Structure formats: C-alpha cells, structure tokens
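*Asks:* Taken in sequence, the protein lines are chains F and Y. Read in the working numbering, the first sequence has 35 at position 32, and its numbers run on one by one without any break. Read in the working numbering, the second sequence has 329 at position 326, and its numbers run on one by one without any break.
By construction, these hints were calculated from the structure, which means they are not laboratory data. Just so we're clear, the structure is a prediction, and the values are computed from it rather than from any experiment. The beta carbon of each residue, even a glycine, is placed where N, CA and C say it ideally should be. Keep in mind that a hint or two might mislead.
[Stated by the list, open to error] Simulated crosslink set (DSS-like; lysine-lysine; CA at most 27 angstroms straight-line):
| no. | chain 1 | residue 1 | chain 2 | residue 2 |
| --- | --- | --- | --- | --- |
| 1 | Y | K129 | F | K136 |
| 2 | Y | K87 | F | K87 |
| 3 | Y | K87 | F | K344 |
| 4 | F | K403 | F | K324 |
[What the hints assert, rightly or not] Here are some chain F residues the structure puts well away from chain Y; computed CB gaps all over 10 angstroms:
| no. | residue |
| --- | --- |
| 5 | M84 |
| 6 | F234 |
| 7 | A327 |
Protein chains: 2
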Amino acid sequence: MDLNSNLDSGIKTGLLRTRTPLKELTNRVQNLQAKLQENSLDGALIIENMDLFYLCGSMQQGFLFVPAEGEPLYMVRRNFMRGKEESGWQNILPLKSFKQLPLYLKEYNKQPLQKIGLEFDVLPVKLYLRLQKLFPGVEFQDVSTILLEIRMVKSPYEVSFYRQAAKNSATVFRRIPELLQIGKPEITLSSEIEALNRQLGHQGMLRMRAFNAEMNTGHVYSGQSGCIGTFLDSCTGGRGTTAACPQGAGWKPLAPHEPVCVDFSTTYEGYILDETRVFSIGHLPPELQKAANVAREIQETLASQALPGALCGDLYQLAQKIAARYGLEDYFMGYGDNRVKFVGHGVGLCLDEFPVFGQASPHILQPGMVFALEPKFSFPQQGVVGLENVWVVTKTGLEKLTLIPDEPVVVPY
Amino acid sequence: MDLNSNLDSGIKTGLLRTRTPLKELTNRVQNLQAKLQENSLDGALIIENMDLFYLCGSMQQGFLFVPAEGEPLYMVRRNFMRGKEESGWQNILPLKSFKQLPLYLKEYNKQPLQKIGLEFDVLPVKLYLRLQKLFPGVEFQDVSTILLEIRMVKSPYEVSFYRQAAKNSATVFRRIPELLQIGKPEITLSSEIEALNRQLGHQGMLRMRAFNAEMNTGHVYSGQSGCIGTFLDSCTGGRGTTAACPQGAGWKPLAPHEPVCVDFSTTYEGYILDETRVFSIGHLPPELQKAANVAREIQETLASQALPGALCGDLYQLAQKIAARYGLEDYFMGYGDNRVKFVGHGVGLCLDEFPVFGQASPHILQPGMVFALEPKFSFPQQGVVGLENVWVVTKTGLEKLTLIPDEPVVVPY
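All chains, please: the whole structure from these sequences, using the hints.
*Replies:* Quick look at the structure:
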C-alpha cells in the first residue's frame, strides 16, 4: 500500500479552509436566543469546544456570551489571534483572567444578569463553583438539552460537509478489499484505514459528548472480537490493545470465513460520518449471510417509514419486530450483556447526538436531521454482521448520504 | 513504506495482555485512603475513566467506592463481565440503575456515609446534582488534587510501561528520515507516523485531563506552521485540517531547510511517552541550529539539577535564564501570543499530569515522578526547534527513558 499516493479527492478540496458564514452563525444564535427567551434567561455562557465551534465558528479557549437578544460576545483566553481569524463575530475580546469575565459582561449587557444558562452536562463542578463565586446572586440554569436540540437539526450548509465526508469515506472503504489478508492483525488493518482517512483530512480524533465516553477514530474487529463488550453504549466493542482503552482493533489475526466488521467515522470540517460495512475473506457462513440480509431489510423498512413526523421510538420497535420475525431477536443490537436498546443515533460534531432511535426516545423526525441507522446482529461464537449508513431527513423522506453498496464484500480465499 | 511488515518489537509483547496486579492496586488504594483519612472523609466515589483504571485496572463504566479503610467496591454498569475480567478486586457488583448506588453503599459500608470525595475537576454538574439527590445530607468534597498527586509518583511497575513505549517510539522515530519528502503534505507524514505507532499497539487516542483539552495522537508541523497558536496550553500548535480541530498537521507541503517538528505521544498500557525531535531536508538555517543547541543545553542543565527535593518552579526559571543568556528569551516556549509559562509536565495515563515545571509550580521532585522536559524555541518566520524527552526521577537524579539521539536529523536535500 503506497500511503504517499494522493487519493482521488479530498486533498484539493481540503486546501480550502472553511470559515463559518456569518449568516449561518446568526441563524444558530437566533435559535438559541428564542429558547433563552422562552426560559426567561438573560443569556447563556457557552464554553464546551463544539458548542463554541457551532456558535462561533471557532473553538479557541474561552467563553461565548449569548445574550437573550443582540450579538454575542466571544472572550478568548487562548489563542486570541486565531479566535479572531476563525470567528465571524465582531465582538471579540482577549480574556487574560477569569476575573475579567464578570467585568466584561457587566459592560456588555445593558441589564444586570439574573439568570444565565450553562452546559450542565459537560461543565465540571470545579468550574461551576468558580462561576458561582464570580457571579454572586446569579441563578444558573442548565441549557444543555436546548443546545443539543438546536444542533440536532442541520442546515444545508452543514449537510454539505457530510456529503464531502461521504466521498472521502467511500474512497477509503473502496480500498479495504485489497488490504484484507489472512493473518494480518486487526490493528494493522485499522492503522491502514486510519492513515487513508487522515490523508484525506480526517481531524485525527472523534468527539463524544457523554461524560467518560471516548472513541478512537474507528473500530475494526473480526470474528468473535466484535462481540466483546465495552464501557461504551455500543452493541459492538472489540478487544483493543489494552484494558486502558478497551475498544476497537486488537491483535487478533484476520481469518477466513468470518465477518471483518469495519465501523469507521470520517470527519469533514468537524462533522462526523459514521459508516459500517462487513468484509470477509471467503464466503460468510450461511446463517450470518442471512442475518446480514435481515439487517438490510430492517434498514430499508425504517428508511421507507422515516418521514417527517415519525417517532424515533416507533422506528426502533419496528426494527425489533422485523428481527423477531426471523427469530433473530436475541442477537439484534448485541447479545446478552452487550445489548443496547437503540438502532440509530444522530451524528454531527459529536458521534452521540440527537435524535436517538431507542425505546423511550421522545424525538420526532424533522427535515434537516442527520443520523446513522445501524441494524447489527451479534453472534457470540461467530461475530457481527450488519451495516451502518448516514441519512438526512428531507420533506419527503430520507436521503442516504453514504455512497457505497450495502452488501458484505467477499474477497477470494 | 510497507505498513504490513511487522516492526521489530511491540507486536509480540503486545500479545501479552496485562492485568494490573492486586498488590499494585492495593498500594494505590492505600495511598488514597491515607489522604481520605487525613481529610476526615468516609470514602471517595471514583468515576473518571483513568482514575478508575488506576485504582481498578479497569475503566468499564461505573463507580468505584473507596472507603476510608478496607477493600473498595466496583459497581459496573457496562460491561460487567469485562470489568470482572480486567479488575483485580473481588467486590464487583452489576449496576443496573443509578438508584442502586446508595443501596449498595448502605449495605457495603458499616457506618453511614457523611462526607464523600468526588472528582470535582472532571465531574459534570448534571451528574453532581444527581448524586446530591441520591445522597441527601451527605457532604461532597473535591478529591481531584489528591488523586492527581497520588498518580504523580509512579511505581516501578508503571515505569516499565514507559520503557516499552520508549522502545516503540524509537522504532517509529528511526523510520521518519525515510518518510521525509519535499512537497509531501504534513498530514500525510503525520498519517504515516500514526500508522506505525498504531501497529505497535498505540491505543489510537490520547487523553488530557483538563476540561476541553483534547489532542489527536501527535503533531507534525513544518516551518511556520509550528508557530500558529492553538486553544491548547502548548507553545506550539499547527494549522490542523479544520477550525473544528485546530491543531497538528495541516496541508502545508514539506519544504527544504525548514524545521519539521515531530511531537508524538506513544502509548503503552495507557501510559504516554511524549517525544519531540526536529528533522530537516537539507541543513537548518544557522540561527535555528544555534537555538536547537541552546535547547539541548537547557535540557542538560535541568537534568543535572533535577535531584529529589528540587522545586519545579526553580528549574523553569533556570531554563529561562539560559535562554536569556543567549538572547533567545523572546522565542523561548512560544512567541508573543503563543507563549506558555512552563518547560515540562508530568506524563502518565494523561498527557497533562503533575508535576508542572512552571513559574508558580508547588511541585517538589520525588523519586518515581515521570515527566517530559520540552525546551523549545519558536521563530515566527521560520518555525520551531527544540526537543522533548521523558525522564524518571531516581534517588540520585534523572534517568532518561526516551532512547533516540537528541540532535536534529538532517536528510540530504
């Protein structure tokens, strides 16, 4: 494999560095402001990297103050010059110390602040206590669900990044058959896929919002490896190379007639495209091939039913019903201890976004939502089959963003 | 470059999966218990991945309750079977729901709990408020500094992992000269280094403890790229491929006579070895070569003074003095806006551990501390030179753990 060869796309387009347009930032901030007003909040103080990037076009270290109305104020501790270059907002100030924060806000906001929104789902207690001291008498309220709900619906501008990520992902997945080799350790195959992704501009890391959730950039597991559970809320796991990072590819060598499951996330301008395909060296055992067909049937049925207004929880139950119809309910979305109770999840700047396609999910489909559907079956003795594609909701139903064929790819033994 | 070739070490040793010995876990827990008793705490409820791994040998999702005395209790939400396999502790219970937590603790602890330690530096507010509801009347106290201080001093068992990481890192760094090529994008070189690392068992991600701090697995920057600041507390940055991950390698092609700085972190059983070397295609400009020599002089001087009992803040000031003696104080550890006020940092399960070699650092060297010293100079028009090695404090001074020569490596133009 020649890693130095320029692959067919990505590098050229990647040279065009993107700056989030002001119109886009304005829409996002106005969506947040409508919710702040609904909740009688005077503003929100945003700090988490991806919320910052979403609302500023920049994730330089600092705070974004979003007043209930008017332009936001970006206070940048580090790196100020880069924050100015990256963000479309005019009001940017250097933040030398925490103590400046209340002084800046006092000057910026006409009315004294009484209720401020914070990201309680990610903000550490230590920082929260510090903010309480800096703003005596101010009431803080959680706005994390508001932020996640706003971010759940993507603009055409955002959707364009998944399209580019899908092209890059397709370029990489098309190279996988030639990389399969009996005896090659999973970790070696994983390293090759990671390198191909990276050369097309992958940011080299993946973000999850949930506390303690973490991912390397993708998982490769073969045969039984896929059924080893992890700490993650995922139906598949992988052995990994250490108990200090118990996920993804391990040292197991690839073997014939077993599913080699490649579950990789390609990024473009921060946006994540999550894609899974099954490969095998020599044909798959018939019962696994059958389950792979059922996974595709589940996908097609969900895709046809996923119209705006559909309840995500209903779609999950429909998936379970189809699995049961084929007697596969015990293997659907994990086996035993490893089972998860969802069949899809939003993808965006983080891998674990809204909507969730799970039993108790309150999410209702709307145009602009982007998510991964990943019907999978785990057979503890044999491995994992299934697939994962990314879709966007349009007015008339789902559009598939991922580009390559769904079928398991068999290379000659 | 043949990524499929097995490199000379790592893969075989990596096949031996390590389980943290019970004696090692016991020592760690006893160190924590001494501090809990000093602070009149009844116990600590540990949740963060690396604190869990350090105290359990496992980072499966859940809580570790460490009573002020006696054996700890590991309550595992997911994956219970794997937690049992990985952890050396006997007391392991499945945690089906949060509500079980107070019930388990009531049964486990003879005395009612009044004061419990939590990791305030990482625990999100939302989870904290939930714990407050679950444990009415209990006083929570921050034990994050206690944990970081205990983790700061490494055991011989832990040090053995840096030795293996150093071997792997040396294997990778020795391959870099053959990968250098005029016109190759930084990101391509980075992808190749990442792939080599990964094939030796790198976990595929790096951990930082500080809120919002995040790293891909290493940085490659050439010429001016190194001087582009980031949100990170680092004197070097890199353009990255997007404002959504503004760090490390970007699209800039390698050019002759400029420093190609490779700052990569190799992991082994979770432990991080941070190493930086400068390469160039054709000789470096004389002023950069001179600064590279000064960086080595700073390193050698600090290493000779870094005896047990030395104050880390004094060592930082000594480094600054040497830089000033050569008229290089304006370029030391960043330039202008990008400057940082430290010359080294602890490395362990996270990249940003204690001790810190900065102006106001309270840390005093003790045998067993492991850290990176990274004297670097940033020349805004030309790039970054310097180096980074990892050291362990012994009774008689520092032992260098990194293995390859310090000098910049020049390949023919």
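*Asks:* All hints are to be evaluated individually against the structure, with a verdict given for each.
*Replies:* Checked hints:
1. Using a Cα cut-off of 27 angstroms, the hinted pair Y:K129 and F:K136 holds, with the two alpha carbons roughly 19 angstroms apart.
2. Restraint check for Y:K87 and F:K87: not satisfied, since their Cα atoms lie roughly 50 angstroms apart, outside the 27 angstroms limit.
3. The suggested pairing of Y:K87 with F:K344 holds, with an alpha-carbon distance near 23 angstroms, which does not exceed 27 angstroms.
4. Only pairs whose Cα atoms come within 27 angstroms are accepted, and F:K403 paired with F:K324 is accepted, the gap being roughly 23 angstroms.
5. Look at F:M84: its CB is around 5 angstroms from the nearest CB on chain Y, not clear of 10 angstroms, so calling it non-interface is violated.
6. With a least CB separation of 4 angstroms from chain Y, F:F234 falls inside the 10 angstroms interface cut-off, contrary to its annotation.
7. No beta-carbon of chain Y comes within 10 angstroms of the beta-carbon of F:A327; the shortest separation is about 24 angstroms.
Violation of the numbered hints given earlier is confined to hints 2, 5 and 6; the remaining hints are satisfied by the structure.
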